[in-house]
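Order-wise, the sequence lines are chains A and B. Everything in the first sequence is counted per our numbering, starting at 2 for the first residue and increasing by one. Everything in the second sequence is counted per our numbering, starting at 162 for the first residue and increasing by one.
Don't read these hints as lab results, they were simulated from the structure. All clues given are correct.
Calculated cross-link-like contacts (lysine-lysine; reagent style BS3-like; alpha-carbon spacing at most 30 Å):
| no. | chain 1 | residue 1 | chain 2 | residue 2 |
| --- | --- | --- | --- | --- |
| 1 | A | 4 | B | 218 |
| 2 | B | 205 | A | 74 |
| 3 | B | 175 | B | 218 |
The structure presented is a predicted model; accordingly, all values stated were derived computationally and were not measured.
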Amino acid sequence: AQKITQTQPGMFVQEKEAVTLDCTYDTSDPSYGLFWYKQPSSGEMIFLIYQGSYDQQNATEGRYSLNFQKARKSANLVISASQLGDSAMYFCAMRVRSGYALNFGKGTSLLVTP
Amino acid sequence: NAGVTQTPKFRILKIGQSMTLQCAQDMNHNYMYWYRQDPGMGLKLIYYSVGAGITDKGEVPNGYNVSRSTTEDFPLRLELAAPSQTSVYFCASKKRETQYFGPGTRLLVL
Numbered sequence: 002a003q004k005i006t007q008t009q010p011g012m013f014v015q016e017k018e019a020v021t022l023d024c025t026y027d028t029s030d031p032s033y034g035l036f037w038y039k040q041p042s043s044g045e046m047i048f049l050i051y052q053g054s055y056d057q058q059n060a061t062e063g064r065y066s067l068n069f070q071k072a073r074k075s076a077n078l079v080i081s082a083s084q085l086g087d088s089a090m091y092f093c094a095m096r097v098r099s100g101y102a103l104n105f106g107k108g109t110s111l112l113v114t115p
Numbered sequence: 162n163a164g165v166t167q168t169p170k171f172r173i174l175k176i177g178q179s180m181t182l183q184c185a186q187d188m189n190h191n192y193m194y195w196y197r198q199d200p201g202m203g204l205k206l207i208y209y210s211v212g213a214g215i216t217d218k219g220e221v222p223n224g225y226n227v228s229r230s231t232t233e234d235f236p237l238r239l240e241l242a243a244p245s246q247t248s249v250y251f252c253a254s255k256k257r258e259t260q261y262f263g264p265g266t267r268l269l270v271l
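With the rest of the complex left out, here is chain A:
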């Protein structure tokens, strides 16, 4: 079974600080993809970052980086220099074989405080 686990239901961070959101996964497939999506209170799902299992380097997209530790099966999202607009739900997801669909974790709620 391919499973995503996010153990932090809620996180707080002060503006301009960095924050790490945890994600662990379980799969027996050698080829897989890991994703992070942001869901603000308005409800839309916004793609943030992608990491392929064969990628040699950790993915980065602006203030977002993915700390990929293959042996530990973890794919933590690091947000640097947090902004108030980063307050949202964050979902980790893994691509599954069936139609390359996504299997999502339960999410982590991030609140950025002034």
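Once you've looked at the hints, dock chain B against the given chain A.
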């Protein structure tokens, strides 16, 4: 490009009624998906399609049907609505590795 569009944005159904959630994309993507998101949870896959005329079940297909007659459209049909189908429904399409989501349809079954 409008991306992925969904209609309606919000709907209230009575138990036993039926409805179709519309999804369209103008990016010529072959892969399309329907997910549902229950309160406090991540998204779960209902159905997916790898191209016109080809659909398959996801994790939670019971109570739903889909069709894919064109590349652009991927409607989701609810037959005999039940309170357990109260949820937010997201449609998505895929280009290379990334899935792009529509704004969602909030459905309340009473």
